[in-house]
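Q: According to the numbering used here, the stretch in the sequence shown is residues 5 to 323, in order.
If you are wondering where the hints come from, they were derived from the structure by calculation, not from laboratory data.
Because the structure is a prediction, the values reported are computed rather than measured.
Hints are supplied without guarantee of correctness; some may be wrong.
Distance windows between CB atoms, simulated [what the hints assert, rightly or not]:
hint, residue 1, residue 2, range
1, N161, D106, 45 to 55 Å
2, F291, S152, 19 to 29 Å
3, K68, R214, 52 to 62 Å
4, E235, S27, 46 to 56 Å
5, D44, D153, 20 to 30 Å
6, S109, T259, 21 to 31 Å
7, E224, K135, 43 to 53 Å
8, K209, C323, 18 to 28 Å
9, R214, D153, 45 to 55 Å
10, D106, G65, 17 to 27 Å
11, P8, E202, 22 to 32 Å
12, F205, G35, 32 to 42 Å
13, G19, C171, 41 to 51 Å
14, F205, S109, 47 to 57 Å
Don't be surprised by glycine CBs; every beta carbon is placed ideally from N, CA and C.
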Amino acid sequence: MEKPFVVGIDIGGTGTVFGIVDSIGNIVSKGSIPTVKHADINSYIDELYEAIAEQMVKLGGLEKISGIGVGSPCGNFNSGTIENAVNLPWRGTIRFSELMKDKFSIDTVITNDANVAAIGEMKFGVAKDIKNFIMITLGTGVGSCIVSDGKIIYGENNLAGELGHICIDRNGRSCGCGRKGCLETYTSATGVVRTAREMLFATSKDSLLRNIPIECITSEDIYNAAVNGDEIAKEIFEYTGRILGESFSDFVAFTDPKAIVLFGGLTNAGDLLYQPIVEHMEKNLLFLWKGKVDVLFSELKEDNAPILGAAALAWEFAC
5 MEKPFVVGID IGGTGTVFGI VDSIGNIVSK GSIPTVKHAD INSYIDELYE AIAEQMVKLG
65 GLEKISGIGV GSPCGNFNSG TIENAVNLPW RGTIRFSELM KDKFSIDTVI TNDANVAAIG
125 EMKFGVAKDI KNFIMITLGT GVGSCIVSDG KIIYGENNLA GELGHICIDR NGRSCGCGRK
185 GCLETYTSAT GVVRTAREML FATSKDSLLR NIPIECITSE DIYNAAVNGD EIAKEIFEYT
245 GRILGESFSD FVAFTDPKAI VLFGGLTNAG DLLYQPIVEH MEKNLLFLWK GKVDVLFSEL
305 KEDNAPILGA AALAWEFAC
């Protein structure tokens, strides 16, 4: 094959990871760059170009790349843009595919990061044999994708499935989107940290988390404390799982899914999160769906799944 590779790119609020992927899904090389330091999109693309070009030196150069696939918060498949992504350093509408094509001279296709995760699960993960499911990514924000009859639902403006911005409390926490009480503000990694700070302020109970400056607490710190029996940390995961489970019970009514698939760093909490999710989802489901909807954690390696999904997107639409 003259151009045997594609590039799969996963843009996150903190960092961007990419992989060089062959036609059968092998990631032959990987790299990363920081996202958060680039207030200027052109500076970001310049660094991304240099990083990918460096990886490609040993593989025959950029001319061996057939296409580029990208998963990004608020990535719009139809227009090739990133639109008002509250977790990224760029505001407004970014003509991302066009800017990438100008820099790389390679066709680039982009979609929502959660859509990319769903594509990865359908091809390589727990959703290989599932035609109807909802994908939820629990990272810096909360991403989501709805798959119905084996097809991603994009919607009129290519923005369908923004379940992280379903409001669970009209007078709740302020969200980067400008609204209040979005699911994302409670159940993302950053939302969990906000919960920790609120609980630590609200009680004088002893906690391992008090050994960490409150502005430095991370979701990983909360997990480690919970594993070591910390009651406040365990309460944080119970609270987060309850909100997710209650929300899932409503999501099920949208598309009648077989499963809800969870992906992202927060799922490393395992049963601390899984058990309250399932308990509260089942408790709040309409009787028609009780016992019929699975909650599944992705079995794909966290770094690889978005890359593989973005690569599959490139093989299908950019080559």
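Q: Against each hint, give a clear statement of whether it holds in the structure.
A: Do the hints match the structure? See the list:
no.: 1; hint: N161 / D106: 45 to 55 Å; in the structure: 25 Å, violated
no.: 2; hint: F291 / S152: 19 to 29 Å; in the structure: 22 Å, holds
no.: 3; hint: K68 / R214: 52 to 62 Å; in the structure: 53 Å, holds
no.: 4; hint: E235 / S27: 46 to 56 Å; in the structure: 51 Å, holds
no.: 5; hint: D44 / D153: 20 to 30 Å; in the structure: 41 Å, violated
no.: 6; hint: S109 / T259: 21 to 31 Å; in the structure: 40 Å, violated
no.: 7; hint: E224 / K135: 43 to 53 Å; in the structure: 35 Å, violated
no.: 8; hint: K209 / C323: 18 to 28 Å; in the structure: 57 Å, violated
no.: 9; hint: R214 / D153: 45 to 55 Å; in the structure: 50 Å, holds
no.: 10; hint: D106 / G65: 17 to 27 Å; in the structure: 19 Å, holds
no.: 11; hint: P8 / E202: 22 to 32 Å; in the structure: 51 Å, violated
no.: 12; hint: F205 / G35: 32 to 42 Å; in the structure: 40 Å, holds
no.: 13; hint: G19 / C171: 41 to 51 Å; in the structure: 29 Å, violated
no.: 14; hint: F205 / S109: 47 to 57 Å; in the structure: 53 Å, holds
Of the hints listed earlier, those the structure fails to meet are numbers 1, 5, 6, 7, 8, 11, 13, in rising order.
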